[in-house]
Amino acid sequence: MSLVAAPLLAAPFPAAGAGVPLATAPGAVGFFEDLLPFLLNGFGLGAIFAFIALGYTMVYGIIKLINFAHGEFFMFGAYVGYFCLRDLELERVALPGPLPIVLDFLVALTAAAFAAGLLAVLTERLAYRPVRKAGRIAALLTAVGVSLLLQNVAMRLWGAQARAFPDPKAWSRVADLPEVARDDWHRDVAFHTDAGAEILEPRVEVAAGTRVDPALREALAARGVDHVYRTVTLDRDALQAFVLLALLLWAPLLWWLVKRTRMGKAMRAVSEDPDAARLMGIPLDRVVAATFFLGAFVAGVGGVAYIATYGKVFPLVGFLPGLKAFVAAVIGGIGSIPGAILGGLILGVTEMVLPFLLQRLAGWEEAFAWKDAIAFAFLILVLVVRPTGLFGRATREKV
Amino acid sequence: MRTRPARFGSPALLAALAAAPLLCAGCGDAGRPVWDGKGPLKVGVILPMTQQTATYGEESWNGMQLAAEDLRAREGTPAFELVLRDDRSNKQEAGNHAKALIETEQVHVLVGSVASSNTKQIFMEAREAGVPAITPASTNDRLTVEGGPLTSRVCFKDSFQGRLQAEFALARGWKRAAVVVDKAQDYSLGLAEFFKQAYEAGGGQTSLHYYVTEDTDFSSVIENVATQAPDLIFVAGYYEQIGPMIRQAKGRWDGKPILGGDGLDSPELPKLVGDTQAEIYLSTHFAADAPFERMRDFAARYKSRFGKSPGAMAALGYDVLLVLMDAARRARDAGTPDQLAQAIAQTQGVEGVSDKIDLTTPDRTPIKDAVIVKVDGGLKFHQAVPAPR
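Chains A and B supply the protein sequences, listed in that same order. Just so we're aligned: the first sequence equals residues 13 to 411 in the working numbering. Just so we're aligned: the second sequence equals residues 103 to 491 in the working numbering.
Treat the hints as calculated values from the structure; they're not laboratory data. Heads up, some of the hints might be wrong.
Incomplete in silico selection of chain B near chain A, CB under 7 Å [what the hints assert, rightly or not]: (1) V314; (2) E325; (3) Q350; (4) K373.
Beta carbons are placed, not taken as given, at the ideal position from N, Cα and C, and that holds for glycine.
Given these sequences and hints, build the entire structure.
Quick look at the structure:
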């Protein structure tokens with residue numbers, strides 16, 4: 013069939029050097045100036061990978077299970093956060109300044125974290141515990157099955173299409189509006205369809221650039237408009253800074269949990285030798301459940317941060333980040349907590365910086381369209397040099 | 103009527119089976135389902151009802167519902183029946199559904215899809231089976247050329263769209279454009295190429311930046327574009343990627359105008375973009391608030407029925423059924439209902455919502471007016487662009 017073979021375009025783009033470069037970097041200063049944002053983005057992205065990788069590595073450390081459903085806990089947290097932000101309307105709570113939005117996010121993050129944690133505990137109880145004694149292959153296949161099941165349940169419940177991230181709304185009383193409006197201020201207005209359904213849609217009450225004089229205020233009050241809102245899109249820098257900060261706070265906390273608490277001690281004991289630990293009176297099932305909860309708890313936070321940064325949520329949102337976080341955990345040495353964090357950051361930075369270098373130094377214009385392939389090739393290289401990952405220990409399997 | 107499961111045999115086997123008159127009363131000699139003009143015209147509709155471009159499917163289908171009502175109320179229109187399939191915004195599924203609709207459902211004509219890469223698969227199946235096919239909204243130039251004489255469309259094509267965008271940009275003095283391209287979409291590659299040709303012919307300079315449909319993180323494209331310090335950013339892609347891209351570019355692309363094609367025309371776009379205050383223009387087929395009576399009437403009716411304002415896909419969904427049934431009526435009245443594709447190719451002066459539609463051009467593509475829409479809270483009419491008639 014000629015149609016299959018022939019590309020739709022008669023003349024596709026010449027691959028490299030197409031188009032005239034509009035600006036050429038003058039020397040090394042320009043080079044490093046251009047590199048910096050890629051480096052920072054790499055850290056922001058890497059921090060999210062690290063967040064997810066922690067869950068992989070902890071679960072693996074304890075029961076030697078690669079939990080492929082971990083990306084779905086991340087997705088579930090993202091959806092719970094989405095619904096909190098969209099429907100709770102906590103921004104309406106009368107608090108000064110940006111506090112209502114902060115409150116809104118804190119509640120969404122907490123809800124997402126707990127929801128993801130509970131889903132993980134439930135999954136462990138219903139799917140993983142029954143096959144724990146059946147060997148690692150059975151457990152691995154169960155994990156793949158659970159991952160697909162959760163993806164499809166999400167499609168069934170929330171539809172397969174992507175939803176735009178619900179931007180928080182900053183509310184204001186009409187009386188408190190500034191002299192000149194800098195943004196569009198809206199109000200939701202109801203209208204009825206032929207079938208009688210009531211639908212709310214935002215209507216601009218005060219357009220950006222309008223002078224808000226007493227006459228306008230009176231006119232609005234006469235129509236019963238006392239509160240209006242504007243939507244606030246958080247910028248990526250702020251969100252990435254938040255994720256990095258959260259990681260900086262969470263890492264020592266996790267270290268303390270594992271090294272200094274009874275539960276942490278029990279986790280380390282189970283990781284060393286589950287049977288011996290149980291004989292010493294350690295409640296194995298509770299320790300495993302707690303590990304799943306902790307890992308997914310953090311993934312839930314990562315999920316909300318991810319959709320806020322990248323702007324949409326969909327049932328497969330956890331798939332690629334989950335896969336990459338798994339890669340990050342392997343690079344760091346699976347089972348190692350500092351390894352997961354470092355591995356995540358390395359993968360994030362590699363994904364951004366390596367294509368940049370290939371583009372700039374090797375003149376490969378399309379490098380960024382291949383960034384996943386480049387990052388995974390890098391992974392293979394790391395594993396060839398260090399098969400156990402950066403922090404992994406070579407252990408002899410007991411036969 | 104079911105003649106055979108789709109997975110068996112060659113077209114020859116199909117022909118042999120179809121030759122048995124008891125098995126296949128409505129089929130022609132090649133085994134393809136042919137309309138006899140007496141029974142209802144069976145129309146197979148393939149649209150993206152879910153996944154990446156779900157709003158396109160929803161809007162097109164809603165538009166077709168309104169057209170179906172109008173046509174059924176109109177004297178003399180042949181009876182018809184719509185069979186809807188969801189291609190899930192995926193090219194393989196579009197092709198599979200086309201095959202299944204022809205072979206299992208025995209549809210007489212195919213309508214669909216929206217994304218050019220998906221429509222290409224439908225046109226291939228239609229051409230092979232000898233069934234007419236018409237797309238409401240796929241703009242890639244090559245589609246109806248490679249699809250053959252049985253294929254047609256009711257929207258303008260990308261060579262026109264790319265040129266009008268280039269002229270729009272150059273007229274504003276934007277001389278240097280960063281062109282952002284989705285490597286995985288025929289629509290994006292084609293539109294970018296036509297824009298680039300026209301823009302460079304008019305004295306503009308371009309640089310190219312690539313992403314792929316599956317991306318969620320666009321920081322590399324965003325930074326590369328920012329490095330070029332262009333006057334204009336041309337985004338040839340679909341709203342589901344470009345929306346989040348512009349959102350993520352908040353603080354990076356500020357003050358740079360952004361220009362795109364009808365792939366951005368979705369009610370989801372403003373939500374995906376957020377409050378970035380970016381100056382975004384897109385060329386498309388229809389605007390709900392355009393100062394044309396036909397568009398406003400349609401928009402008001404659509405909104406009170408479906409609860410939201412229609413985008414261009416709704417108008418094209420309406421128009422495609424109008425054109426198809428106009429051709430069916432002419433074919434039946436002329437006593438040649440089996441010549442439906444020829445009747446479609448002879449379409450003249452059908453008053454659609456988007457514009458008046460003539461398909462007598464060599465590639466069965468109408469020459470139509472476009473509108474430019476500005477994203478400002480929602481999609482707002484900016485200006486009309488007359489077609490070169």
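To see whether the hints hold, each was checked on the structure:
Here the hint on V314(B) is kept, as its CB sits about 6 Å from the closest CB of chain A, short of 7 Å. The beta carbon of E325(B) is positioned within 7 Å of a beta carbon in chain A (closest approach about 5 Å), and the interface hint is therefore held. Look at Q350(B): its Cβ gets to within about 5 Å of chain A, closer than 7 Å, so that hint holds up. Interface hint status for K373(B): upheld, as the beta-carbon distance to the closest one in chain A is roughly 4 Å, under 7 Å.
The structure agrees with every numbered hint stated previously.
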